[in-house]
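> My request is simple: use the sequences and hints to build the entire structure.
Protein chains: 6
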Amino acid sequence: MKKNDRPARLRALAHEVVETYEQIGGINKIGDKTLPSQPAIVEVLQKLLTVVFPGYYGKQVPARANLEVLVASRVDDIFLQLSDIVDKTLHFCHNEPCQCSVLWVPEENGTRQGDFTRVAEQIAMDYLERLPEIRQILKTDVQAAYEGDPAAVSQDEVILCYPGTFAIAVYRLAHPLHRLGVPLVPRIMTEWAHHRTGVDIHPGARIGPYFFIDHGTGVVIGETTEIGERVKLYQGVTLGALSFPRNPDGTLVKGGKRHPTLEDEVTIYANATILGGETVIGRGAVIGGGAWVTSSVPAGARVLMQAVTAT
Amino acid sequence: MKKNDRPARLRALAHEVVETYEQIGGINKIGDKTLPSQPAIVEVLQKLLTVVFPGYYGKQVPARANLEVLVASRVDDIFLQLSDIVDKTLHFCHNEPCQCSVLWVPEENGTRQGDFTRVAEQIAMDYLERLPEIRQILKTDVQAAYEGDPAAVSQDEVILCYPGTFAIAVYRLAHPLHRLGVPLVPRIMTEWAHHRTGVDIHPGARIGPYFFIDHGTGVVIGETTEIGERVKLYQGVTLGALSFPRNPDGTLVKGGKRHPTLEDEVTIYANATILGGETVIGRGAVIGGGAWVTSSVPAGARVLMQAVTAT
Amino acid sequence: MKKNDRPARLRALAHEVVETYEQIGGINKIGDKTLPSQPAIVEVLQKLLTVVFPGYYGKQVPARANLEVLVASRVDDIFLQLSDIVDKTLHFCHNEPCQCSVLWVPEENGTRQGDFTRVAEQIAMDYLERLPEIRQILKTDVQAAYEGDPAAVSQDEVILCYPGTFAIAVYRLAHPLHRLGVPLVPRIMTEWAHHRTGVDIHPGARIGPYFFIDHGTGVVIGETTEIGERVKLYQGVTLGALSFPRNPDGTLVKGGKRHPTLEDEVTIYANATILGGETVIGRGAVIGGGAWVTSSVPAGARVLMQAVTAT
Amino acid sequence: MKKNDRPARLRALAHEVVETYEQIGGINKIGDKTLPSQPAIVEVLQKLLTVVFPGYYGKQVPARANLEVLVASRVDDIFLQLSDIVDKTLHFCHNEPCQCSVLWVPEENGTRQGDFTRVAEQIAMDYLERLPEIRQILKTDVQAAYEGDPAAVSQDEVILCYPGTFAIAVYRLAHPLHRLGVPLVPRIMTEWAHHRTGVDIHPGARIGPYFFIDHGTGVVIGETTEIGERVKLYQGVTLGALSFPRNPDGTLVKGGKRHPTLEDEVTIYANATILGGETVIGRGAVIGGGAWVTSSVPAGARVLMQAVTAT
Amino acid sequence: MKKNDRPARLRALAHEVVETYEQIGGINKIGDKTLPSQPAIVEVLQKLLTVVFPGYYGKQVPARANLEVLVASRVDDIFLQLSDIVDKTLHFCHNEPCQCSVLWVPEENGTRQGDFTRVAEQIAMDYLERLPEIRQILKTDVQAAYEGDPAAVSQDEVILCYPGTFAIAVYRLAHPLHRLGVPLVPRIMTEWAHHRTGVDIHPGARIGPYFFIDHGTGVVIGETTEIGERVKLYQGVTLGALSFPRNPDGTLVKGGKRHPTLEDEVTIYANATILGGETVIGRGAVIGGGAWVTSSVPAGARVLMQAVTAT
Amino acid sequence: MKKNDRPARLRALAHEVVETYEQIGGINKIGDKTLPSQPAIVEVLQKLLTVVFPGYYGKQVPARANLEVLVASRVDDIFLQLSDIVDKTLHFCHNEPCQCSVLWVPEENGTRQGDFTRVAEQIAMDYLERLPEIRQILKTDVQAAYEGDPAAVSQDEVILCYPGTFAIAVYRLAHPLHRLGVPLVPRIMTEWAHHRTGVDIHPGARIGPYFFIDHGTGVVIGETTEIGERVKLYQGVTLGALSFPRNPDGTLVKGGKRHPTLEDEVTIYANATILGGETVIGRGAVIGGGAWVTSSVPAGARVLMQAVTAT
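Chains as they are written, first to last, in numbering that gives the first Met the number 0: chain A, 0 to 310; chain B, 0 to 310; chain C, 0 to 310; chain D, 0 to 310; chain E, 0 to 310; chain F, 0 to 310.
Hints are computed from structural coordinates only; laboratory data are not their basis.
Be a bit skeptical, because a hint or two may be false.
[To be verified] As a list, the in silico BS3-like pairs of lysine-lysine whose alpha-carbon atoms are at most 25 angstroms apart:
| id | chain 1 | residue 1 | chain 2 | residue 2 |
| --- | --- | --- | --- | --- |
| 1 | D | Lys28 | D | Lys87 |
| 2 | F | Lys87 | C | Lys87 |
| 3 | C | Lys58 | E | Lys256 |
Take a look at the structure:
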């Protein structure tokens, strides 16, 4: 082929690329069945934020607004969009050889797998009915930030400027969806918050009220983490896995408790790393910045990295 | 309630959510008085960037442009938007039981609190007149990055691609607004830069010229930090508080010097943590990566974490 | 000047700012020759992502689509935009006293420097012809994430939700452009991924297949890093420089191997820092979280930071 | 002045233009009190169209939607926007030496002029309560088009494709606002429809049900026109004024019946012109295309222009 | 009801409006089956314009573009969108008691009505294969304008500035779709052109090559009009129906030739009206401005309205 | 070809369409030299409207705005955009075998044709310096509408709602550009106004102050029309050509006075048609609606169409 034969080279290239679509599986998504788009999921999430933090997210809520009509309309709108998203996701996962399909089948109800639309609507309705409860817990998280940071001048500042609180709010909204067995969607929600804040909370984690993450960049909270009440984390804290058991065929065992447990009133300073599913940080313990913890710590203990000194 | 009575359930839910608006205070913002929106503040910030880095941010500035007219028009436009934003913020904070209202009242001038619009215009004007000085110092920050990183091939690359320099530029623009006592607005500016770069600089910090942050993700610089000239930080460095004194009623004491002081020509490598309001890192000291420093370090010292070795 | 003479003060300010444009060089970009805009570069990058991950990025690809026409059209479109971007960049760098101009001149072909457009088209074509190969390696990166994380439920989730894999994909697309000697453009690409994910990979690094970065926030991979196959990094890992040799005039030596080498199957846990151009982490070695490594580690070694214990 | 002294010439020009702002009144609108913007008014109009033609305008209305919540929310939203628009308009007209201020003062209620906000809300509420009635009459207009045009294949086609019916619908929505004495706003609404369809119906005209305008371009229906039931107009028909009486000072008398009256079941063919406030076209009369009518026509008459023949 | 009980009044209003949705049929479109949206149809039309007038509509076509790839991609894209639009339209019309469903069933092929998707794809393909032919005839229309108007300075001006030529082009693209029996879609296309230009050409009309409409506002060309070659119309010309025969039940007879026939080289000046399905304007005849013609005119005749003179 | 071989048919179609690009000239615009886009021209026009009607078009102009800076910036911006547009247009027309190239060469200045950029800047500057004068005349047009229409309640309503006045304003801005010899651009401006209002004024017409067009749809004012002061037109009025002299080769003679002359204070009612370059309507004459005038009318005459009467 002559070097400067551009049309021919581009044509050949297109042909070659399409061949890789046929030969290399798993990274192509060609066909009429699709996942709900990330923007659609983020749109629902943003509408949920306008319901739980009215007036801070979305448009101003003037005093003259008829709140009950406003909320009813938002909730109805979210119901329609969310049940569509869940419906599409269930359809998508069912026919693929992926593991997520097992998550959502509520076998105890004897639901037939094909009846996705009805299941999706039921999930969306059950989910939405948790919103009042989510608001209760969000209130405690905002208070925890306001009370826990001397630099915070108002609760407004916390809601508008604290990335840790934002990431927690998204987690609070994504977690019940995860518990209802919806695949992918809650993960896309928390990953969007990760992108915006640098705080990566897996929607599967279980976290008590009055939770505060300051600054936040680099925080990682793994899928099977359990966190009590009034816990406080600083930037760069990892709550991670220590090792991954393997199946006889060498593949990793999916599932299982792999991430630590933090009891009430634990504080963990910047860049500390706590690893392991059996690691329990006892009530009121304080873990110093940069610490590396792979085994349990008793209640009330103070684990501090030795401060370095000048040479 | 029958499970499939969707309209009734959604109506009941809306009712219940609205009840939480009445019962749970502090996380609702319903009414006709509003804070300036985050997009409005970011818009002003972006216009300020087009003034201090002409041609890099905003539209191309062609050689034929009449620079004085262009700048005059931008500055006038910024003046109008910024004084509106400050005006709204002062109004907002005045009537709320929040702590920020004390910040902006220049009592020594005998200003009456109600005269917000005039105060706002005066603040906006005073602020804008610092722009030439801000440009002087920004020039030193760009030079510090170009000279301090062997991978930097041009000052263009620094301005266009270095997130640390971007976060510093936003801090340089937000800091004078903070000093003029404007609540919330400078914080929203630096938090926007935090979101974009992972570098969290509180607008209250005081930082000298020739400041360089390389890579930047995870850097945290607290409100009362003081930094001299020609200081260099790497990613993940925390300049934070060590402990929070409490009031007799158990609430945190707001204010007070809580974050460290870095003298001229200090270098701090990746993921080091320096804590405490009385901690002073002396001129020319070098703090190694991952170090944990909670007390002062003399000038010229090298504080290195012991490198681990293989087991 | 009277305090309330606003128009006069703003006029004076504009004049003063324009004076700083004349006095302070290097941070103004005024004139008719311009760099390609960051949005234009990101647009090309996003089109490249739709080619290598069809259906995940960009619009749905329905089963009825004529794949070869679709890809040919996308590739043709990218060719036109990319060759324009490269052309502008070469023009820009040629006349400025910057160091990047030396990078792109393929002296072995005896190309005259002025012949930018032809060179740009040749570079764009050569680059695009690497796309099939890039897809081959991307497939291995997706597999590495799916197989390496017990929380991953499907390859879809990896492509849609894993920021580390996203940052690697952008690096895979930027690196060949860097090797072809295009200044600035690949750096703007990876910096965009840094902004979105907190993962900062310099386009000059050399990285083998099956590469996995989990969570990712705070990872830094320097320009002269070399990484083998099946390497796995966690959040906050730095692969950086140890010290910077200086020229006789005190300026830093640009270029030279300054960052470490990781052999095949190395694993590095969260927040570890590996520094130095002569530091080699041997095949299969495991570096523990928070470790600080400045010298080579033998194959198979396990370097662990001593876990702290309660006091 | 030297020809090529561009900055000076542009500066001088700006100065001269600003001088004309001071010297030439009536075509400048500089100041803090403003009229509601045309886009804001069109937005309300489009929301009204989604209420009266659900599913044709605005988003799809899925079968699962909770209609009562949907409509309540739309109506509440329109109420807030419309009362703001009316409020601004009343404020604006009150302080200007314009004639519209007399229109809106419902003197019989003894309303004080200053109480604009309350009046605006009352007007908006009274207006909205006419929506069910407006829908009743719109239904007759759609039927008239479907039954009156052999080319119409469905009522869907009428609503989606008939510009005459669109212009009538906008008139139906603007007219009650005009009757409630709101200045400017209804006129901006019908002028928007004029722009889109070429059909210019003044919001002051009084028009009975089953009204059909076919094709429509060029139709003009003046402010004081009265039209009965089942009237049909073709493109280019003018219902205009014949002459304008003047005040003693030579200015035109504003107000007074100047446009014709059409009784029930009148048909007027293309490009006919009917002029004069005392001109009455009697029940069932047919006016031929291109006719010029300046005096009354008895019921049942057929007024035809003599068809020309070949020479 | 108390006057100022706003929430109650708005709630009652919403209830009342929803009742009209149930009571007043034919102007509501509530449910999951929907017509293709007008924007989607206009988007396809605009893509068709980029194919038939490359470089004038849509993006610039640079000399380096690979035309065959570009066109193949556009055509493929149009095929997918158009067949979806036709598919939706056929589904929609089938289940509604509307008359359009009879149009598209190609009974001679024995197609089952349910097989919409396949029929839609066949129609889209057949339609697209007429594009080369459409371009041939469009070329003659552009030439007719350039040669027929002394004010036209170039063919570029004709394509870019002549609304008559624009309306003809849209008709040329809509007509074959109408002939293939697609309901509503071609009508929405020509109505969009009507909205933009004031020229209302029904897609059912049959029009020969070298057709020119100057200025155009107010032109109406009815569904069953037939026009020969090299015909020229000015603004405001109506080619309409004279009377509408009725069925025994009083409804209009739909269908039937109702509009005139114009033989080759006819010219009709501004605002003339030609009516009736049996009216034939013979070859080369000239109809003067404002004329009213309801019977045939022989070839070569000149029909002029008598010019009025001063009184 | 098999009927269902879609990819092959689409490929063949693309090939065939591209062949027509080669065979059918004059309706393709492929290559790197391009006309300025219609949106770019409309953008400049809209900026011009914000200068001549400050506060009505574009953003609100608050009382605190620094008018001279605001106008200077707008004018500078317009200068840059307009001189680019003119430059591109001159380049474009120069190398094409089109007639417009002769228009712009100011031979009396001895300008070399190649020096487009300088000529374009000179034209843009000369044009802008006419803005104060354009504002003077626009003021008279607004007054003419307010004084001439009994339905007009304020000058605000005239500027915001009168399409005739809008079309006149665009003509006022386009005409000086036409006189300076710029091809195509002024035509695109007035055609945009035609699209929005149905009023088609050729930029070449010469029109005196105090000009009013009421309603406006269907008005056509030809290229060589001359109109005095205080003239008033109603909708559907044509000021057109009577016949087109031909060159010996049968092509139309381009140029020459072909449209009528209206002296001061002429009024022409709806749908009247005045034709011919030698037709002069004398001072103060009144032409009745629907009249057809092809020869001169003396000053003060009243030309009325005989009103039809019932049969």
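> Would you mind marking each hint as holding or not holding in the structure?
Here's how the hints hold up against the structure:
1. Pair hint D/Lys28 plus D/Lys87 holds up; C-alpha atoms about 15 angstroms apart against a cutoff of 25 angstroms.
2. The straight-line distance between the Cα atoms of F/Lys87 and C/Lys87 is roughly 20 angstroms, inside the 25 angstroms bound, and the hint therefore holds.
3. Among the hinted pairs, C/Lys58 with E/Lys256 is inconsistent with the structure: their alpha-carbon atoms are about 46 angstroms apart, more than 25 angstroms.
Hint compliance for this structure: hint 3 alone is broken.
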